[in-house]
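Participant: One-letter residues, chain by chain:
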Amino acid sequence: MKTLKVLYFAVLREQRGLAEEILTTTAPTAAELYAELRARHRFTLPAECLRAALNAQFAPWTAELRDGDELAFIPPVAGG
Amino acid sequence: MFRMFDSPLDPAKLRLAMRDDGAGACVAFEGTVRDQSGGREVLALDYEAYAPLAESEGARIISEARAKFQVAGAAVAHRTGRLAPGDLAVWVGVVSEHRGPAFEACRYIIDQLKARVPIWKREHYADGMSSWINSVTGLSR
Numbered sequence: 001m002k003t004l005k006v007l008y009f010a011v012l013r014e015q016r017g018l019a020e021e022i023l024t025t026t027a028p029t030a031a032e033l034y035a036e037l038r039a040r041h042r043f044t045l046p047a048e049c050l051r052a053a054l055n056a057q058f059a060p061w062t063a064e065l066r067d068g069d070e071l072a073f074i075p076p077v078a079g080g
Numbered sequence: 001m002f003r004m005f006d007s008p009l010d011p012a013k014l015r016l017a018m019r020d021d022g023a024g025a026c027v028a029f030e031g032t033v034r035d036q037s038g039g040r041e042v043l044a045l046d047y048e049a050y051a052p053l054a055e056s057e058g059a060r061i062i063s064e065a066r067a068k069f070q071v072a073g074a075a076v077a078h079r080t081g082r083l084a085p086g087d088l089a090v091w092v093g094v095v096s097e098h099r100g101p102a103f104e105a106c107r108y109i110i111d112q113l114k115a116r117v118p119i120w121k122r123e124h125y126a127d128g129m130s131s132w133i134n135s136v137t138g139l140s141r
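For the record, the sequence lines run as chains G and R. Residues in the first sequence are numbered consecutively from 1, following the working numbering. Residues in the second sequence are numbered consecutively from 1, following the working numbering.
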């Protein structure tokens with residue numbers, strides 16, 4: 001088990017009802033954790049539409065999660 | 001420098017901070033909130049960002065622009081929070097010795113910003129509805 005801080009933005013923040021949470025998980029990668037959270041919270045966006053960020057840097061979905069990481073799921077962006 | 005601001009942007013001040021007397025050109029892009037979108041009247045936009053990643057990814061885009069084009073300096077300021085039609089949402093400024101690279105670099109920076117930087121906006125319409133731009137269908141544009 002590891003403990004992570006997970007950040008949610010925009011449509012994910014609204015669907016989760018939270019901007020961030022601390023959670024413990026056995027998911028080895030960002031992809032697996034998103035799949036779990038998507039099923040639990042009924043997120044509408046598939047992972048293919050998102051990017052993952054680990055410790056405030058974009059990261060591949062296959063990146064290994066470590067205890068204490070800050071993980072963010074990045075919905076399609078709309079700056080400008 | 002790529003910075004997020006939660007208060008109104010001041011283009012004159014942003015421009016002054018880029019002063020470079022060796023540069024003969026400055027190109028600035030101002031992105032403002034439109035009062036309509038897809039045929040619907042827009043009353044307000046809410047912008048939010050993952051600020052640390054927005055600023056680091058934005059700095060990376062500026063570095064890329066400086067490597068690709070002969071520019072002397074580049075800076076971006078982007079708003080978060082609630083904006084009304086006409087409000088300035090983003091300012092991109094580039095200075096260079098001659099105008100060509102400044103135009104090209106400015107275009108590159110705003111295009112990459114819109115594609116990559118973790119900033120989101122929710123449009124609020126006159127009919128009481130609102131929606132996240134790009135996130136409803138999951139399509140980017």
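There's no promise every hint is true.
Stated by the list, open to error - Where chain G lies over chain R, by a calculated footprint (3+ residues, C-beta under 8 Å):
#	segment
1	47-59
2	76-90
3	107-117
What the hints assert, rightly or not - If we take Cβ atoms under 8 Å as the criterion, some of the chain G residues that face chain R in the derived model are:
#	residue
4	LEU45
5	ALA53
6	ALA56
7	ALA59
8	ALA78
Unchecked claim - Straight-line distance between alpha carbons at most 20 Å, and here's what the computed DMTMM-like set of lysine to aspartate or glutamate pairs gives:
#	chain 1	residue 1	chain 2	residue 2
9	G	LYS5	R	ASP20
10	G	LYS2	G	GLU64
11	R	LYS114	G	GLU48
12	R	LYS68	R	GLU104
13	G	LYS5	G	ASP69
14	G	LYS2	G	GLU48
Quick caveat, the hints were computed from the structure, so don't treat them as lab data. The beta-carbon is built from N, C-alpha and C at its ideal position, and this holds for glycine as well.
Participant: Against chain G, does the segment 76-90 of chain R show at least 3 residues with beta-carbon separation below 8 Å?
Facilitator: holds (count 3)
Participant: A closest beta-carbon separation below 8 Å is what the hint needs, so does LEU45(G) meet it against chain R?
Facilitator: holds, 5 Å
Participant: Straight-line Cα separation of LYS5(G) and ASP20(R) no greater than 20 Å?
Facilitator: violated, 43 Å
Participant: Hint ALA59(G) vs chain R: min CB-CB distance below 8 Å?
Facilitator: violated, 11 Å
Participant: Would you check the hint for LYS5(G) and ASP69(G), treating anything up to 20 Å between C-alpha atoms as holding?
Facilitator: holds, 6 Å
Participant: Checking one constraint from the list: CA of LYS2(G) to CA of GLU64(G), max 20 Å. Satisfied?
Facilitator: Cα-Cα ~11 Å, so holds.
Participant: Is the interface hint for ALA78(G) satisfied, with its Cβ closer than 8 Å to some Cβ of chain R?
Facilitator: Holds, about 4 Å.
Participant: State whether the coverage of the segment 47-59 of chain R by chain G holds or is violated, taking the criterion as 3 or more residues with Cβ-Cβ distances under 8 Å.
Facilitator: As far as the segment 47-59 of chain R goes, the hint holds, because 9 residues have Cβ atoms under 8 Å from chain G.
Participant: Would the hint on ALA53(G) be counted as holding, given a Cβ-Cβ threshold of 8 Å to chain R?
Facilitator: Interface hint status for ALA53(G): holds (5 Å vs cutoff 8 Å).
Participant: Is LYS114(R) within 20 Å of GLU48(G), Cα to Cα?
Facilitator: Cα-Cα ~18 Å, so holds.
Participant: Just to be careful: measuring from the Cβ of ALA56(G) to every Cβ in chain R, is the smallest value less than 8 Å?
Facilitator: Given a least distance of 4 Å, the restraint on ALA56(G) holds.
Participant: Closer than 8 Å, Cβ to Cβ, for at least three residues: run that test on the segment 107-117 of chain R against chain G and report holds or violated.
Facilitator: Since three or more residues must qualify, the claim that chain G covers the segment 107-117 of chain R holds, with 6 doing so at under 8 Å.
When held up to the earlier numbered hints, the structure conflicts with 7, 9, 14 and fits the remainder.
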